[in-house]
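Number of protein chains: 2
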Amino acid sequence: MVKTLEQTAREPLYSQVANKIGQLIEGGVLRAGDRIPSVRRASRQHKVSITTAVQAYLALENRGLIEARPKSGFFVRVQRHYDLGEPKTSRPSSGAVPTESPTLIAKLLDATMRPDIIQLGAGLPNARLLPVQKLNRMLAAAARRAGTASIEYDMPPGCLALRRALARRALDWGVKILPEEIITTCGCTEAIVLCLRSVTRSGDTVAIESPTYFGLIQIIEQLGLRPLEIPTHPRTGMDLDSLERALPVRRVTACLVVPNFNNPLGSLMPVANKARLVALLAKKEIPLIEDDLYGDVYFDNGDRPHVAKAYDKRGLVMLCGSFSKSLAPGYRVGWMMPGRYFEAARNLKCATIGATPTLPQLALADYVVNGGYDHHLRGLRRALKRQVNDISRAVAESFPERIKMTRPAGGLVLWVELPPHVDALRLHSKALTEKISIAPGPMFSPRQDYRNFIRLSCGEPWSPQLERAIGVLAYLVKQMC
Amino acid sequence: MVKTLEQTAREPLYSQVANKIGQLIEGGVLRAGDRIPSVRRASRQHKVSITTAVQAYLALENRGLIEARPKSGFFVRVQRHYDLGEPKTSRPSSGAVPTESPTLIAKLLDATMRPDIIQLGAGLPNARLLPVQKLNRMLAAAARRAGTASIEYDMPPGCLALRRALARRALDWGVKILPEEIITTCGCTEAIVLCLRSVTRSGDTVAIESPTYFGLIQIIEQLGLRPLEIPTHPRTGMDLDSLERALPVRRVTACLVVPNFNNPLGSLMPVANKARLVALLAKKEIPLIEDDLYGDVYFDNGDRPHVAKAYDKRGLVMLCGSFSKSLAPGYRVGWMMPGRYFEAARNLKCATIGATPTLPQLALADYVVNGGYDHHLRGLRRALKRQVNDISRAVAESFPERIKMTRPAGGLVLWVELPPHVDALRLHSKALTEKISIAPGPMFSPRQDYRNFIRLSCGEPWSPQLERAIGVLAYLVKQMC
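Just so you know, the sequences run in chain order R and G. Here the first sequence stands for residues 8 to 488, numbered as in our numbering. Here the second sequence stands for residues 8 to 488, numbered as in our numbering.
Just chain R, with the same shape it has in the complex (with noise of 0.2 angstroms):
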């Protein structure tokens, strides 16, 4: 008792109005759908300040108990069934399985530039959660400013200026890192190729998740690399027990992991469990390949999560990112920071694209250091939080109640199980059908595992489509079972 008055007396004011309007709503006094008091009716009934206020309103809307109607004020949401079951840590299967990934990667993309289709399928944020005007006005201010050097190669490490602010930017995800020990590429893919490629030759073995990003099974299979497959927790990512004993068994060369937000589970690997990553291959100097794609979209309000790189003191961790799912998928920008595999990643890069497009590096280092990018963080954050409770609702109320999902703390996508008998490849070609893109399970494995798995994405805002077209999936579903 005393510890709880302790603990309120500490926390700031907002988050005390902010819990205190909660327990109204979990106490059933505010029900889905009422309208909350306004923001100046809740200072004074409070006795705070207006500004405490809106972030009280603020930090019930990222718990997703409120919600913001434009020009209506703040309603509660409707409630989520969260008694559905999670996933379990993932068994993969041994033993080959001829790939279909090329044709059903191919159908996803081509869903993606259908406008008719509702778009459940791709990873991607809706851009107009994204600030085209803005990073538009500053590419064409770069291409003013640069003159000439706007259309001359930027030959890697690339662009100096986004370099410096990707390094200034490292910090909050515990790393200290140089600019020039940075290497800006033409988006994510392209960093975990040449990482992937500086380190390993055909034949190698590496180890990922499992399940993990269709991208990432195909640059390794097309590398002519070895997947091997780790069990992986739906919340804390992979298992490290397990990659622990295949170490001594399988000789494996690389791993390659998602530790923030891995797609399709959304786990976040426990900072604990990311030192040990890292001291555990660097024991056997196995490289550890990083995507961090994902590290900027988490869902909680503190501090951006760190990476593993954080805890690599020997240089084997060679840390991808880009821009793709934040600000500008189209821009092409991402980089590496390949650590002591450096030299050998910029010959690569130098022999196989060269320089990555010049102005749109401009745009973005001049937008992630003048543009406000913690401030649209903060909403793109928001939004795909809301968007996945959104999903996550609708799924609960409408699918079999058998189902299990995922609970994301970051990322974009859901990894729903479905019933064991329902076949995910089926379910994808009769929603495609019905004009609905969903990405089925087997594309998340290289053994076409996860059968029974969709992973729905969560990038486009609620809409009325988007609820009839879980509403089909759930029916489709259903006669399945």
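Hints listed in this document are in silico derivations from the structure and should not be mistaken for laboratory results. It is possible that part of the hints are untrue.
When chains are identical, the list treats them as one kind, so a pair holds in a single copy or across two.
Stated by the list, open to error - List of simulated lysine to any residue pairs, SDA-like, C-alpha gap at most 20 angstroms:
| hint | residue 1 | residue 2 |
| --- | --- | --- |
| 1 | Lys-141 | Ile-57 |
| 2 | Lys-485 | Arg-321 |
| 3 | Lys-290 | Thr-96 |
| 4 | Lys-114 | Cys-357 |
| 5 | Lys-141 | Ser-100 |
| 6 | Lys-437 | Leu-483 |
| 7 | Lys-437 | Thr-119 |
| 8 | Lys-411 | Arg-258 |
| 9 | Lys-442 | Ser-405 |
| 10 | Lys-114 | Phe-349 |
| 11 | Lys-114 | Ala-351 |
Position chain G against the provided structure of chain R, taking the given hints into account.
Quick look at chain G alone, frame taken from chain R:
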């Protein structure tokens, strides 16, 4: 005699006027450095319109006989000493030599970033020759027009407007192709990597010209492929008899050729040879990867040279190109026309880099259709031809007489054969100490042949510094003889 008269009669009027003035120059009536009559006066003297007189002067300029000096009128150019011989058809050696290429390439690229260095190394046109302002304006306009599409992924095959523009231009190259058969890429290098990877596997043999662009050699080596060097003539390109003899002996999986202005030779494969090359390979079902990076930069006044793909009936030719030598290196936009390997190349692109940056494609599509690309190309070709002539003249006047030098038909580089005992790698080091960047011959062969050759880039317009740099190079060469 009659024949000559007939010829004269059939020639356009401006050409007749140009010939008359040309005879005055060649006969020594007008001498190097003399001011020639103004256009107005010439129109009176020769009884032709002002327009015709202007055309005549442009023709003389194109032939390298006169030059315009800003605000001063036209002057007779200093005559070039073309008594220098050309290098012979190459005879590539056999037996492997460890390669120093990565270091040399890095040095070459680093030099391009340093404004204090005289750029005779990297084969790039000076940005002042390119329509920077107009392109950047078009990029800004594209950003405004495209709205959210400007930051979204433009998935392979890429920007339709650009593919349409390319399909129209390809008619001038002798190729009838649909936009659906074209894939846009991040520059020509990506296109070549994707084409090679689509048709080869590690360990396969790829036939190439000798010498050839170090970037191509690097790609081949880094894909684990084996380069097979085919003797190449400095004016007519790859020796097809040699290729034909090599094919039954070595199992060649693909052939990578630059028929239009091979870099470093500037050779132009005659039409009959292009047809024969395609037929020769088709007989054995060997794909031809054709690099047409320099095809638009031809020096004579005739039509744009055809590509080998013009003679491809079986879809075996994979044509690659980009705007990096003619418009905007830093935009990183190229393309491939991979024939029957379209699907493989597209899937590979999706897996290894994904979309090409959106806005640079839109801007270039707009420029090519509405920006006056052909007008720009005419100016660029004239400028590069003049620059090649300037460097040729300076080298011929100052280097030892025993040297040999190519007479390129297009592109922007010269290939110089030094006396047998001059070590190009040593010359390269010494020159770099004097802040002059050149490309030493061994870079252009996987076995580091051409130890007494250098490539001089003619991308920079004439300047006193350039003239002095050639003087220093000549001095260094003489010291080493």
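Evaluation of the provided hints:
1. Lys-141 with Ile-57: Answer is neither: 30 angstroms inside a copy and 51 angstroms across each miss the 20 angstroms cutoff.
2. Lys-485 with Arg-321: neither (52 angstroms within a copy, 50 angstroms between copies)
3. Lys-290 with Thr-96: neither (25 angstroms within a copy, 55 angstroms between copies)
4. Lys-114 with Cys-357: The answer is between: 12 angstroms across copies meets 20 angstroms, while 32 angstroms in one copy does not.
5. Lys-141 with Ser-100: neither (47 angstroms within a copy, 57 angstroms between copies)
6. Lys-437 with Leu-483: Within one copy only: 8 angstroms inside, 74 angstroms across.
7. Lys-437 with Thr-119: within (17 angstroms within a copy, 55 angstroms between copies)
8. Lys-411 with Arg-258: neither (34 angstroms within a copy, 55 angstroms between copies)
9. Lys-442 with Ser-405: within (19 angstroms within a copy, 72 angstroms between copies)
10. Lys-114 with Phe-349: This pair counts as between: shortest inter-copy Cα distance 16 angstroms, intra-copy 36 angstroms.
11. Lys-114 with Ala-351: between (35 angstroms within a copy, 15 angstroms between copies)
Comparing the model with each numbered hint stated earlier shows that hints 1, 2, 3, 5 and 8 do not hold.
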